[in-house]
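Enquirer: Just so you know, the sequences run in chain order A and B. Just so you know, we're using full-length UniProt numbering here: the first sequence kicks off at 1 and counts up by one. Just so you know, we're using full-length UniProt numbering here: the second sequence kicks off at 1 and counts up by one.
No lab work stands behind these hints, which were simulated from the structure alone. As the structure is a computational prediction, the values presented were derived from the model and not from experiment. A portion of the hints provided could be inaccurate.
Stretch by stretch, here's where chain B covers chain A in the computed footprint (C-beta under 8 Å, at least three residues) [stated by the list, open to error]:
#1 11-25
#2 47-53
#3 161-171
#4 209-218
Here are the simulated distance ranges between beta carbons [claimed, not checked]:
#5 A130/A with A300/B: 34 to 42 Å
#6 R153/A with A300/B: 55 to 63 Å
#7 Q198/B with A130/A: 37 to 45 Å
#8 A130/B with A194/A: 45 to 53 Å
Beyond 12 Å from chain B on every Cβ pair, some chain A residues (computed) [to be verified]:
#9 E85
#10 D134
#11 D135
#12 D147
#13 F200
#14 H222
#15 W225
#16 G265
#17 I266
#18 D271
Glycine included, C-beta positions come from ideal geometry on N, C-alpha and C.
Residues per chain, in single letters:
There are 2 protein chains.
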Amino acid sequence: MTTTDAAAEVVEVGPRDGYQGIKPFIPTEMKIDLLRRLVSSGLKRVEIGSFVSAAALPQLADTTEILAACDDIPGIIPQVLVPNEKYGRLALNAGSRFLAFVLSVSEAHNRNNVRRSPRESAEEYGRLLAAMPDDVDMRLNIATAFDCPFEGRVAEAETIALLDCLVPLRANIELCLCDTTGRASPDHVEHLFAACMQRFPQVKRWALHAHDTYGLGLANVHSAWRQGVRAFDASYAGLGGCPFAPGATGNVATEDVAWMFRRMGIDTGIDLETLIPVACDGAAIPGGLPGGRVRQALAAAAANAPCL
Amino acid sequence: MTTTDAAAEVVEVGPRDGYQGIKPFIPTEMKIDLLRRLVSSGLKRVEIGSFVSAAALPQLADTTEILAACDDIPGIIPQVLVPNEKYGRLALNAGSRFLAFVLSVSEAHNRNNVRRSPRESAEEYGRLLAAMPDDVDMRLNIATAFDCPFEGRVAEAETIALLDCLVPLRANIELCLCDTTGRASPDHVEHLFAACMQRFPQVKRWALHAHDTYGLGLANVHSAWRQGVRAFDASYAGLGGCPFAPGATGNVATEDVAWMFRRMGIDTGIDLETLIPVACDGAAIPGGLPGGRVRQALAAAAANAPCL
Numbered sequence: 001m002t003t004t005d006a007a008a009e010v011v012e013v014g015p016r017d018g019y020q021g022i023k024p025f026i027p028t029e030m031k032i033d034l035l036r037r038l039v040s041s042g043l044k045r046v047e048i049g050s051f052v053s054a055a056a057l058p059q060l061a062d063t064t065e066i067l068a069a070c071d072d073i074p075g076i077i078p079q080v081l082v083p084n085e086k087y088g089r090l091a092l093n094a095g096s097r098f099l100a101f102v103l104s105v106s107e108a109h110n111r112n113n114v115r116r117s118p119r120e121s122a123e124e125y126g127r128l129l130a131a132m133p134d135d136v137d138m139r140l141n142i143a144t145a146f147d148c149p150f151e152g153r154v155a156e157a158e159t160i161a162l163l164d165c166l167v168p169l170r171a172n173i174e175l176c177l178c179d180t181t182g183r184a185s186p187d188h189v190e191h192l193f194a195a196c197m198q199r200f201p202q203v204k205r206w207a208l209h210a211h212d213t214y215g216l217g218l219a220n221v222h223s224a225w226r227q228g229v230r231a232f233d234a235s236y237a238g239l240g241g242c243p244f245a246p247g248a249t250g251n252v253a254t255e256d257v258a259w260m261f262r263r264m265g266i267d268t269g270i271d272l273e274t275l276i277p278v279a280c281d282g283a284a285i286p287g288g289l290p291g292g293r294v295r296q297a298l299a300a301a302a303a304n305a306p307c308l
Numbered sequence: 001m002t003t004t005d006a007a008a009e010v011v012e013v014g015p016r017d018g019y020q021g022i023k024p025f026i027p028t029e030m031k032i033d034l035l036r037r038l039v040s041s042g043l044k045r046v047e048i049g050s051f052v053s054a055a056a057l058p059q060l061a062d063t064t065e066i067l068a069a070c071d072d073i074p075g076i077i078p079q080v081l082v083p084n085e086k087y088g089r090l091a092l093n094a095g096s097r098f099l100a101f102v103l104s105v106s107e108a109h110n111r112n113n114v115r116r117s118p119r120e121s122a123e124e125y126g127r128l129l130a131a132m133p134d135d136v137d138m139r140l141n142i143a144t145a146f147d148c149p150f151e152g153r154v155a156e157a158e159t160i161a162l163l164d165c166l167v168p169l170r171a172n173i174e175l176c177l178c179d180t181t182g183r184a185s186p187d188h189v190e191h192l193f194a195a196c197m198q199r200f201p202q203v204k205r206w207a208l209h210a211h212d213t214y215g216l217g218l219a220n221v222h223s224a225w226r227q228g229v230r231a232f233d234a235s236y237a238g239l240g241g242c243p244f245a246p247g248a249t250g251n252v253a254t255e256d257v258a259w260m261f262r263r264m265g266i267d268t269g270i271d272l273e274t275l276i277p278v279a280c281d282g283a284a285i286p287g288g289l290p291g292g293r294v295r296q297a298l299a300a301a302a303a304n305a306p307c308l
């Protein structure tokens, strides 16, 4: 979190969110090589995997090895997702220093994901926090903050009521509102962030996890940026989506977000010319669901046009 | 132009901008059938074709027939593109009551399109206006208002200098700023519209022609909306792009724009459930270059999920 007010931090979530829905196992060496290349393009924070039952998510069973390999990737800030206190402790023991936890505002979505109510998940989050040393960074992901695949649009009051339980537990975190379905509109993003930022000024940092399923990924990133959000999840090659949200393929693509900010003159630290070939290789991963526009547009432009 | 301040007008340009780059001739009867279905989805103004040399654009050689067929399509407001005074008179004689003219801010792009300087095209526009009765509506398209495929980013001062020549000729028009390359960013859209609307308050109506080549189509539409723009060009199925701008495929898709406004609670008069099947048929036109997200996302959602 070294970005200034005039810079945007892009958090690369492809290696976790993008890979987890891919059936054929991506060889660990290939994951590490892609990770190294992503970081060499200027990305720093990467969600590299998840400490979770290997039976539940076999694609992420090598997270411990990936985490260890990060010691040899200069500049990387590896973030890992954990589903509960137990796996949080495993992640800590394996050397994690940036953990992410997720729960949903929507009862139906949370039960579908972890067979618990949102309030029960909030209690689990409290136990996880209690087990974490002070020097461990924390990201809290609020899924279905805007909209739920089962229940439709989520009322702002519901999202805020859940945050009323969560924020007092620890304010020194990064709090990420997630558009799980991709159906948040830019005015909704603006309004919910405005309400949350006003109600919870003690939160250290706000983030947006945007999906591009309906083409609104960049519109929503821009809207959150205008509101003062400075951290944005994105997946290289637009890989992934939520396997529990039917039809919700399509994380916003890292290269699309980096492109927009570059056109706006806002620093992300990302070198697009280095990133695009990695995104092209990511899009070619067998079983992957790639998305985004910039990858193909820049390839077309390179073939035809004199300027980017 | 019957929209209120709280409503957005989507101008369907697929039948001209989307079709003109398609090599295999689309049978006239098929064009008329698609046009009828587009209007039945709630679209009113449609750029149905271009009065132009049939040798230059053989796909649009049947514009006179299409225009005549509009007499039997209740509610349609047919708009036609004309390249100069001569073809403007032909369009008037054929019964056109809504004409569009285009010129580029960028010298290189204008010369590439019509082998004239922008100032020479401005004079042609003056001759066209002089030939038009008062009851004929006029749309003026400013190509490369933001960015040029040959010259890169266009300075705001350049766009405004050209408008200084054009606006005094007739203010009672719709003035459309066109993102020819798709490389305008939302802050650029906001800033240029703000500057133009302040300098030319006499202009009756402003419009944006957005491209989605780099995924910024909806972000730019939203940005213009925030600025007070109420008319937006879009192409069903995302068909088309500028054949003279290398790599610049991808008009923003009508269904994507309609979707965003619906999620924002803003009326466009478009019924998406009627439009999507037409967009699917448009995407299947042989030789077409479809784009957009909502068409496929809604199809996936209909197959899997309980709610839109």
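Enquirer: Since I266/A was said not to touch the interface, does its Cβ keep a gap of more than 12 Å from each Cβ of chain B?
Expert: Contrary to the label, I266/A does not stay out of reach of chain B, its closest Cβ about 9 Å off (not over 12 Å).
Enquirer: Non-interface claim for D271/A: all C-beta distances to chain B beyond 12 Å?
Expert: 17 Å, holds
Enquirer: Against chain B, does E85/A keep a CB gap of more than 12 Å to every residue?
Expert: 32 Å, holds
Enquirer: Once the closest CB in chain B is found, is it more than 12 Å from H222/A?
Expert: 5 Å, violated
Enquirer: Determine whether the Cβ-Cβ distance between R153/A and A300/B falls within the hinted range of 55 to 63 Å.
Expert: 19 Å, violated
Enquirer: According to a criterion of three or more residues whose C-beta lies within less than 8 Å of a C-beta of chain B, is the stretch 47-53 of chain A covered?
Expert: That given contact is violated, which follows from only 0 residues of the stretch 47-53 of chain A lying within Cβ reach (below 8 Å) of chain B.
Enquirer: Please verify that the nearest CB of chain B lies beyond 12 Å from F200/A's CB.
Expert: Fine: 25 Å to the nearest Cβ keeps F200/A off the interface.
Enquirer: Between A130/B and A194/A, does the C-beta distance stay in 45 to 53 Å?
Expert: Holds, since A130/B and A194/A (Cβ atoms, about 50 Å apart) stay within the stated range.
Enquirer: Counting residues of the stretch 11-25 of chain A that have a beta-carbon nearer than 8 Å to any beta-carbon of chain B, does the count reach 3?
Expert: Contact hint for the stretch 11-25 of chain A vs chain B: violated, 0 residues under 8 Å.
Enquirer: Is it true that the C-beta distance of Q198/B to A130/A lies inside 37 to 45 Å, as the hint says?
Expert: At 56 Å between Cβs, range violated.
Enquirer: When you look at the beta carbon of D135/A, is every beta carbon of chain B farther off than 12 Å?
Expert: It holds; D135/A is separated from chain B by about 37 Å at its closest Cβ, greater than 12 Å.
Enquirer: May I ask you to test the hint 34 to 42 Å on the CB atoms belonging to A130/A and A300/B?
Expert: 41 Å, holds
Hint compliance for this structure: hints 1, 2, 3, 6, 7, 12, 14, 15, 16, 17 are not met, and every other hint is.
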